[in-house]
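In order, the protein sequence lines correspond to chains B and Z.
Numbering-wise (my numbering), the first sequence opens with residue 1 and increments by one.
Numbering-wise (my numbering), the second sequence opens with residue 1 and increments by one.
Do not take every clue at face value.
[Stated by the list, open to error] Interface residues of chain B toward chain Z, partial, derived using beta-carbon atoms under 10 Å:
1. Ser67
2. Pro86
3. Phe167
4. Ala331
5. Leu337
6. Leu338
Worth flagging that the hints you see were computed from the coordinates, not collected in a lab.
Idealized CB from N, CA, C, for every residue including glycine.
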Amino acid sequence: MGEFRSLQLVPKAEALQTAKEFKSDQEVRWCPGCGDYVILGTVQAFMPELGIKRENTVFVSGIGCSSRFPYYMNTYGMHSIHGRAPAIATGLAATRRDLSVWVVTGDGDALSIGGNHLIHALRRNVNLKILLFNNRIYGLTKGQYSPTSEQGKITKSTPMGSLDAPFNPVSLALGAEATFVARAVDSDRPGLMSVLRAAAQHEGTALVEIYQNCPIFNDGAFQVLKDPGTADQAVIRLEHGEPIAFADRGVFRDPATGELEVREVTEANRAQVLVHDAHAASPVTAFALSRLAGNDALHHTPVGVFRDVERPVYDTQLAEQLEQAVAQKGAGDLAGLLAGPDTWTVA
Amino acid sequence: MTSEVDQAEVSGSPGERPVPGAPRRAKPIRRLDRVIIRFAGDSGDGMQLTGDRFTSETASFGNDLSTLPNFPAEIRAPQGTLPGVSSFQLHFADHDILTPGDAPNVLVAMNPAALKANLADLPRGAEIIVNTDEFTKRALAKVGYAADPLEDGSLSAFHLHKVPLTTLTLEALKESGLLRKDAERAKNMFALGLLSWLYHRPTKGTESFLRTKFAKKPDIAEANILAFRAGWNFGETTEDFAVSYEVPPAKLAPGRYRNISGNLALSYGLIAAGQRSGLPVFLGSYPITPASDILHELSKHKNFGVRTFQAEDEIAGIGAALGAAFGGSLGVTTTSGPGVALKSETIGLAVSLELPLLVIDIQRGGPSTGLPTKTEQADLLQAMFGRNGEAPVPIVAPATPAECFTAALEAARIAVTYRTPVFLLSDGYLANGSEPWRIPEVDELPVIEPDFATGPNTEEGAFWPYKRDPHTLARPWALPGTPGLEHRIGGIEKQDGTGNISYDPANHDLMVRTRQAKVDGIEVPPIEVDDPDGAARVLVIGWGSTYGPIAAAVRRLRADGAQIAQAHLRHLNPFPANLGQVLGSYEKVIVPEMNLGQLALLLRAKYLVDAQSYNQVRGLPFKAAQLADVLWAAIGTLDGSED
Numbered sequence: 001m002g003e004f005r006s007l008q009l010v011p012k013a014e015a016l017q018t019a020k021e022f023k024s025d026q027e028v029r030w031c032p033g034c035g036d037y038v039i040l041g042t043v044q045a046f047m048p049e050l051g052i053k054r055e056n057t058v059f060v061s062g063i064g065c066s067s068r069f070p071y072y073m074n075t076y077g078m079h080s081i082h083g084r085a086p087a088i089a090t091g092l093a094a095t096r097r098d099l100s101v102w103v104v105t106g107d108g109d110a111l112s113i114g115g116n117h118l119i120h121a122l123r124r125n126v127n128l129k130i131l132l133f134n135n136r137i138y139g140l141t142k143g144q145y146s147p148t149s150e151q152g153k154i155t156k157s158t159p160m161g162s163l164d165a166p167f168n169p170v171s172l173a174l175g176a177e178a179t180f181v182a183r184a185v186d187s188d189r190p191g192l193m194s195v196l197r198a199a200a201q202h203e204g205t206a207l208v209e210i211y212q213n214c215p216i217f218n219d220g221a222f223q224v225l226k227d228p229g230t231a232d233q234a235v236i237r238l239e240h241g242e243p244i245a246f247a248d249r250g251v252f253r254d255p256a257t258g259e260l261e262v263r264e265v266t267e268a269n270r271a272q273v274l275v276h277d278a279h280a281a282s283p284v285t286a287f288a289l290s291r292l293a294g295n296d297a298l299h300h301t302p303v304g305v306f307r308d309v310e311r312p313v314y315d316t317q318l319a320e321q322l323e324q325a326v327a328q329k330g331a332g333d334l335a336g337l338l339a340g341p342d343t344w345t346v347a
Numbered sequence: 001m002t003s004e005v006d007q008a009e010v011s012g013s014p015g016e017r018p019v020p021g022a023p024r025r026a027k028p029i030r031r032l033d034r035v036i037i038r039f040a041g042d043s044g045d046g047m048q049l050t051g052d053r054f055t056s057e058t059a060s061f062g063n064d065l066s067t068l069p070n071f072p073a074e075i076r077a078p079q080g081t082l083p084g085v086s087s088f089q090l091h092f093a094d095h096d097i098l099t100p101g102d103a104p105n106v107l108v109a110m111n112p113a114a115l116k117a118n119l120a121d122l123p124r125g126a127e128i129i130v131n132t133d134e135f136t137k138r139a140l141a142k143v144g145y146a147a148d149p150l151e152d153g154s155l156s157a158f159h160l161h162k163v164p165l166t167t168l169t170l171e172a173l174k175e176s177g178l179l180r181k182d183a184e185r186a187k188n189m190f191a192l193g194l195l196s197w198l199y200h201r202p203t204k205g206t207e208s209f210l211r212t213k214f215a216k217k218p219d220i221a222e223a224n225i226l227a228f229r230a231g232w233n234f235g236e237t238t239e240d241f242a243v244s245y246e247v248p249p250a251k252l253a254p255g256r257y258r259n260i261s262g263n264l265a266l267s268y269g270l271i272a273a274g275q276r277s278g279l280p281v282f283l284g285s286y287p288i289t290p291a292s293d294i295l296h297e298l299s300k301h302k303n304f305g306v307r308t309f310q311a312e313d314e315i316a317g318i319g320a321a322l323g324a325a326f327g328g329s330l331g332v333t334t335t336s337g338p339g340v341a342l343k344s345e346t347i348g349l350a351v352s353l354e355l356p357l358l359v360i361d362i363q364r365g366g367p368s369t370g371l372p373t374k375t376e377q378a379d380l381l382q383a384m385f386g387r388n389g390e391a392p393v394p395i396v397a398p399a400t401p402a403e404c405f406t407a408a409l410e411a412a413r414i415a416v417t418y419r420t421p422v423f424l425l426s427d428g429y430l431a432n433g434s435e436p437w438r439i440p441e442v443d444e445l446p447v448i449e450p451d452f453a454t455g456p457n458t459e460e461g462a463f464w465p466y467k468r469d470p471h472t473l474a475r476p477w478a479l480p481g482t483p484g485l486e487h488r489i490g491g492i493e494k495q496d497g498t499g500n501i502s503y504d505p506a507n508h509d510l511m512v513r514t515r516q517a518k519v520d521g522i523e524v525p526p527i528e529v530d531d532p533d534g535a536a537r538v539l540v541i542g543w544g545s546t547y548g549p550i551a552a553a554v555r556r557l558r559a560d561g562a563q564i565a566q567a568h569l570r571h572l573n574p575f576p577a578n579l580g581q582v583l584g585s586y587e588k589v590i591v592p593e594m595n596l597g598q599l600a601l602l603l604r605a606k607y608l609v610d611a612q613s614y615n616q617v618r619g620l621p622f623k624a625a626q627l628a629d630v631l632w633a634a635i636g637t638l639d640g641s642e643d
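Model the full structure from these sequences, guided by the hints.
Here it is, written out as structure tokens:
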């Protein structure tokens, strides 16, 4: 268990922790079969790996089914208001570099009502780990379409089909200057674990999109990524430095257009299979990868880390400015400040 | 004698006499007890800077003073038009004064628009200094002057000084090598020099200010200084100005003073609150007029551990401040009315989370975008009630620019002691207006005790985040990083004590009432009544920036033999405990407000008194004379009153 780069200032746990220690005493109240259970279990199992004091961990959420998450973690937590968790967590992370701050949000919370806060958190690169549970539906309000629902979706609020084109959260994050973007599927515990590990390592804001099944209002939305019969053909696992290949196929760059495309891998073209570079300075290829699946379909869905690059971290720089100000002007002298340069005395 | 009572005019003032011991000058000097000057010009003419400089000189000279900047929302409104006029009014005196003054004794008009826009405010006999170079046919026509008012006799009631300010400035700078347009821009400094001569203001401060301001453009700095000196010399030599005036320093309470604006005082109050509580200040803010200067100011003081965060929007500004408060910072957000509307949901969350948070509203004209650069106090009911559910928030309101300092400390005291968001309602007039401030000793400032939770608070060794202090009803503030106190809080209703989610009807009723009881129980000082001989039958009560005009009006009435009581509220939620008794002690209660009667509505509802509103929503402060008339009328209608 190595040290996590983004947690260097967080006090270390004295003893090895267990998943159980991270379970709160609150009864979990998601619907039976909800993907959130698996994610919660995976996160609780992952937290001991961080090796930090439990009391220095904070989960902040917005509103929605996923946003009940903090109640179930035996850490500090705040269940805030709709869409605002990234903003609230930004204030916390920017002032407390000794904390590991996690945001739990959903597709409606993060991409609809809270879209502005999400994109600005990403460009700002505050030390936050954002887990975006994407079930492509509004669950807590009982089944309206969400900003990630496929176009034409029939829901309670769209009986004749939804009209708006969906967001692709990974594309959006890359466009918002995110330094770390990854995707995982709720039921794929090892895949989710590995992405959480990479996110925790990353210094700055990390966005992890987690495809999450809503058994009540959008059941089976990601089934094609889970069924043994289809998953092989649908899921593309991204590993930094490895060729992007799955089943008998691979991802190639069309030299004429620069676009990415999926083709059968043959002996002749094997060397041309695109090698994944998560650390590439340019987000162009990561963006192209995020578009492979298309908006409404899931075949050719990359999972894993799309992008993981270094950029100065907001809270680090803020702290440096404070130190610099003290170095330049000395620690604040209140009496001197209040007096200012121009005074007069009345006897 | 209080000069608020009489309308001292520059010429013919009874106080005029040669000043003993003044430096010998070529021209006679007259002494005045007070003067009101208004600088007016295009919004690009530098009138705010000119006014600020005159104010600084006046402050360092030791006069009491009060200022009123008034400018359009547009950065460069169409040149030469009435909506583009920017002005700065300064009232200074040899005694304590309360307002920027009703009517200027001197108007400096840089163009026809400035003359036209301000003429109606001038009393007969006032002096007008105009820049004749700008009185061209075209400029006159632009503001609808058919004939040149400088020539047609329409200004015969005033002392008109026709000065070709632009020509004189260009002449003074002809050796400077500056382009004509750059040289022309120094004409405001020429005007400042002239006025500085006319009123014997010190000049060193302005010269060193100009050198610092234009440190990177020394030729511009020197040109401005040259223009400033040329203006001074022009006054000394021209025959147009036969006398100059002196206003001796004021005899204020002993102490060390500086001049300070409301927004600066508020910024310093926040820094002081951080220092006196040991909490690092975190400001989450989105730029908005007239609050942005607080963001600018606090961002200069990172060496006090102050963190400023310019957020993506108003909601993120308060959200980040609340997140910082959860982590143990003194969370602050600054805004104006439209921003408060956006922040409402987060304020409600702070009410539910019961975390300390300062919400600073520099009120401006509304609704919607309203009048961004003009003052109003119409957000009281928004602060009081503008949230879903029962969400009580304490409110404090400073009465003068300098009082913004203590108001910030008081808001922080309430927020930290009672674990609650607190509103501080300032306004555009307080924010930009300035006055002398007796600089407090740091030791005199209150200490604020955060009293963080350090361990379990139940007999079973558990930590309950909503187990309250029985006296204040405040809940414990347990910071992340404290072992054993891990807890989850949120906007869903919580079970009393444990803080766990609860939908229980009786519990919700209890929690709603408890949150209200906590705010109702906040200890605030009693309201003081100024009723010198205890015989007044009419009480005038206000809140916020109306203090100055109300007090000035009360002085006028008393000088004329009337009896009237005055009280001013600094705490609007909860009200001082003695307020009901005070209101009940008078036959008539008058409530002047720059809204349509918001405080009056609260007083009537809570105390069942027949409080009568007097309202104005013109984007400008009340005038003392106007309020004096209203109060005279109120006294006159009492039963058994004479005449």
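Checked hints:
Among the interface hints, the one on B:Ser67 holds; its C-beta lies about 9 Å from the nearest C-beta in chain Z, closer than the 10 Å criterion. Given the 10 Å rule on beta carbons, the hint for B:Pro86 holds: about 8 Å separates it from the nearest Cβ of chain Z. Because the smallest distance between the Cβ of B:Phe167 and any Cβ of chain Z comes to about 18 Å, over 10 Å, the interface hint for this residue is violated. The closest approach between the C-beta of B:Ala331 and any C-beta of chain Z is roughly 6 Å, which is under the 10 Å cut-off, so the hint is satisfied.
Annotation: interface hint on B:Leu337 holds; nearest CB of chain Z at approximately 7 Å, less than 10 Å. Because the smallest distance between the Cβ of B:Leu338 and any Cβ of chain Z comes to about 5 Å, under 10 Å, the interface hint for this residue holds.
Hint 3 from the earlier list is the only one contradicted by this structure; the remaining hints agree with it.
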